[in-house]
Amino acid sequence: MFYREAGQYKTSYEADQATFPVLQDRIGMIVILAVAFVVVPLTMSSFVINSVLIPFLIFSLAAIGLNLLLGYAGQLSLGTGAFMGVGAYACYKLTTIFPDANIILLIIVSGFASAAIGTVFGLPSLRIKGFYLMVGTLAAQFFLSWCFIRIPWLYNNNVSGAIEVPTRAVFGIPVSGPNATPVTRYLIVLTIVVVMTWIASNLVRGRIGRMWMAVRDMDIAAELIGIRLPRTKLLAFAVSSFYCGVAGAMMVFLWLGAAEPDAFNINRSFLILFMIIIGGLGSLIGSFIGAAFIWGLPIMLKSVPETFGISIGSATLEHLQFMVVGALIIFFLIVEPHGLARLWQIAKQKLRVWPFPY
Amino acid sequence: MRIKMFGAACAMALVGSAFAIPAQAQDSIFIPLLSYRTGPFAGSGIPIANGMNDYLSMLNERDGGIGGVKIAIEECETGYDTNKGLECYEKLKAKKPVVINPYSTGITLGLIPKAAVDKIPILSMAYGLSASADGNNFPWIFNPPATYWDGLSMILKYIGEKEGGIDKLKGKTIGYIFFEGGYGREPIPLLENLAKDFGFEIKLYPVTAQEMQNQSAQWLNVRRDRPAWMIMWGWGAMNPTAVKEAAKINFPMDKFVGVWWSGGEDDARPAGADAKGYLTLNMNGVGAQYPAIQDIMKHVVDKGKSQTAKDKVGENLYNRGVMNSVLMAEAVLNAQKITGRKAVTGEDVRRGFETLEISAARWKEIGLGDFAGPLKVTCANHNGHHAAYMQQWDGTKWVKASDWITPMTDKVQPLLTAASTEYVTKATGWPKRTEACDKAS
Numbered sequence: 001m002f003y004r005e006a007g008q009y010k011t012s013y014e015a016d017q018a019t020f021p022v023l024q025d026r027i028g029m030i031v032i033l034a035v036a037f038v039v040v041p042l043t044m045s046s047f048v049i050n051s052v053l054i055p056f057l058i059f060s061l062a063a064i065g066l067n068l069l070l071g072y073a074g075q076l077s078l079g080t081g082a083f084m085g086v087g088a089y090a091c092y093k094l095t096t097i098f099p100d101a102n103i104i105l106l107i108i109v110s111g112f113a114s115a116a117i118g119t120v121f122g123l124p125s126l127r128i129k130g131f132y133l134m135v136g137t138l139a140a141q142f143f144l145s146w147c148f149i150r151i152p153w154l155y156n157n158n159v160s161g162a163i164e165v166p167t168r169a170v171f172g173i174p175v176s177g178p179n180a181t182p183v184t185r186y187l188i189v190l191t192i193v194v195v196m197t198w199i200a201s202n203l204v205r206g207r208i209g210r211m212w213m214a215v216r217d218m219d220i221a222a223e224l225i226g227i228r229l230p231r232t233k234l235l236a237f238a239v240s241s242f243y244c245g246v247a248g249a250m251m252v253f254l255w256l257g258a259a260e261p262d263a264f265n266i267n268r269s270f271l272i273l274f275m276i277i278i279g280g281l282g283s284l285i286g287s288f289i290g291a292a293f294i295w296g297l298p299i300m301l302k303s304v305p306e307t308f309g310i311s312i313g314s315a316t317l318e319h320l321q322f323m324v325v326g327a328l329i330i331f332f333l334i335v336e337p338h339g340l341a342r343l344w345q346i347a348k349q350k351l352r353v354w355p356f357p358y
Numbered sequence: 001m002r003i004k005m006f007g008a009a010c011a012m013a014l015v016g017s018a019f020a021i022p023a024q025a026q027d028s029i030f031i032p033l034l035s036y037r038t039g040p041f042a043g044s045g046i047p048i049a050n051g052m053n054d055y056l057s058m059l060n061e062r063d064g065g066i067g068g069v070k071i072a073i074e075e076c077e078t079g080y081d082t083n084k085g086l087e088c089y090e091k092l093k094a095k096k097p098v099v100i101n102p103y104s105t106g107i108t109l110g111l112i113p114k115a116a117v118d119k120i121p122i123l124s125m126a127y128g129l130s131a132s133a134d135g136n137n138f139p140w141i142f143n144p145p146a147t148y149w150d151g152l153s154m155i156l157k158y159i160g161e162k163e164g165g166i167d168k169l170k171g172k173t174i175g176y177i178f179f180e181g182g183y184g185r186e187p188i189p190l191l192e193n194l195a196k197d198f199g200f201e202i203k204l205y206p207v208t209a210q211e212m213q214n215q216s217a218q219w220l221n222v223r224r225d226r227p228a229w230m231i232m233w234g235w236g237a238m239n240p241t242a243v244k245e246a247a248k249i250n251f252p253m254d255k256f257v258g259v260w261w262s263g264g265e266d267d268a269r270p271a272g273a274d275a276k277g278y279l280t281l282n283m284n285g286v287g288a289q290y291p292a293i294q295d296i297m298k299h300v301v302d303k304g305k306s307q308t309a310k311d312k313v314g315e316n317l318y319n320r321g322v323m324n325s326v327l328m329a330e331a332v333l334n335a336q337k338i339t340g341r342k343a344v345t346g347e348d349v350r351r352g353f354e355t356l357e358i359s360a361a362r363w364k365e366i367g368l369g370d371f372a373g374p375l376k377v378t379c380a381n382h383n384g385h386h387a388a389y390m391q392q393w394d395g396t397k398w399v400k401a402s403d404w405i406t407p408m409t410d411k412v413q414p415l416l417t418a419a420s421t422e423y424v425t426k427a428t429g430w431p432k433r434t435e436a437c438d439k440a441s
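Read top to bottom, the protein sequences are chains A and B. Going by the numbering used here, the first sequence opens with residue 1, and the numbers climb by one from there. Going by the numbering used here, the second sequence opens with residue 1, and the numbers climb by one from there.
There's no promise every hint is true.
As the list claims (entries may be wrong) - 16 Å max Cα-Cα, derived EDC-like pairs, lysine to aspartate or glutamate:
#1 95(B) / 74(B)
#2 426(B) / 100(A)
#3 95(B) / 100(A)
#4 376(B) / 357(B)
To be clear, the hints were calculated from the coordinates, so they are not data collected in a lab.
Could you put the whole structure together from the sequences, leaning on the hints where they help?
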């Protein structure tokens, strides 16, 4: 009744090809952005912003990065954690070399370092496919993790082997380091994520995205219709690593404030992979839903007993949370193997014919 | 479809419930404990958490808290994971804790810059950043009674003694097996310096978190390199594995020395009689014979108010947890004395720590006579660089194997000052100390 595009006539190609052709979608998006940019900073506690929302946004961006590679271009990769690490270490080195440069700019620039490394490790994709490629990217994961530990230059010869984020200010407002307020960091992360998501959404429905999808669906056919495979695959690796690199740099500079090499290990790669499997392969909104599910749900589950005034030992709570999240993952994969994004699509379809389904 | 709707509704309900954090009553002192009873480090984490929790509970039961004010205790599970630890910190911060115990070097490193901003002192008892012993640069961080660097110098002193003089180390090979992370890497610069000074050779055997339970590769290398001594910086599941592997390759156990975090009963016990002779540093007494620990038995464990099994009370890491809580309780008591307030804040407790002094007589008064060496913290020296002793596994329990060993302060201090200065210069905009120094109460 409310969600129907009947009567919304498109009179130009621009209107027809808009990111959100349906009026209700546009309104919904404006409301979400308004809530995210205005309501959240004004109302949420620093715990929610710091421990739930900032990491959720950062992981969403990393999930988008992997989704571009895996969901759109069909290249299996397990190097996400390492590519995030490249972004983080690149940003750390850059801000050490150029302490006065704008840190937000450096975060974006460090994405290019990650893109370069990602392209190099994408080279095996020209010869191998599927699970074999995954093993190839696994090599990237281990090799880069090794670099983060063994090359002292990367962490400025710190005794602890960890990178510690210095205070950096933009226009006099501290953005990174202990003095940066959660709200400042949240707004920066949000802006970067929104802009990059918008870019990604245009990328995947344009020429490049169609090339990626053609390669994903059948690379021989794609080659026959004139798509240059090497270029397309490497581009997918570069763009994907760029997104992951920016997410990694944000993770250290705008969220954690310090990171050990262990923060970018294989588990991180798996975490992001699970996010897009649960959220939905080849779907941008799925990346967000997946990140919310994998990252947000456990934290929320942990605060449930407290809200109801039940006191449970911290370890029991942890075990309960593992069990519940595990059960939910299986539950959702059974009811919808195509991920939560597909559920969202079905819900939209139902809403369209509501209240008179046929 | 109905099931799907139900799932969606559940998810929505969850989202709503997460954003409420109950307010904390102000008539108590809030001491959160970042503990880990799950994951690969639980073997070490559980006794520590039990010890810390039980001592504070005992103060609540026996004395009605500290200075008449109840202690509100809350554990937050970190799983030794830095991200989760920071999440815990953010969550607990809202309830105004008076002190934070990260119990992980990684989490400590992440929290050090935040301490001064949030005005919550950090007690990283004999772990964390060695350089944070410098109170002038790190007014909010406390790491008594000794740093990792002190510990390493004590181990080398002990080795020197056994070899018949520290100069006898010349030409020998000493192996260092360590947890690949901030914790295990910290002693390496000092080890390298000492190797140069005394002319011995070092071999490094890093163990990453993933291969903690499978160290055959490292110990194969040990067998090939044949070091005269092995030093270990291990934690969690790494310790018992290393002890077992060392026994398997027939490494002489009385030449295998661990730091104080590698000396839990459960670290040596799995190897049983084969671990006989294994040495570790220690700074607290082992056993349940101390009056204060008997009080814990009486007021907490026997009443079923603890998660501790009765036979685990008095084990080494349990007592380490007790010692950790004693330091906090004493600092709070000090803070109450200095400020005259009962419900103290984090800022007051920081002052309490800076004037902390536990003499042998005071240890006795607490009910822990001869439990630990006298301990003193000052404004400039947040560590004290106190002595520790060597304990040895006799096949079933730990026995004291040496007198108190003092650290080589002349070797440690220059490195510490340099590291502290370096940390502060690298972190541009590091705040200068503005906190005034209290006279000892």
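Structure-based check of each hint:
no., hint, result
1, 95(B) / 74(B), "holds, 10 Å"
2, 426(B) / 100(A), "holds, 14 Å"
3, 95(B) / 100(A), "violated, 37 Å"
4, 376(B) / 357(B), "holds, 4 Å"
In terms of the numbered hints stated before, the structure departs from hint 3 and from no other.
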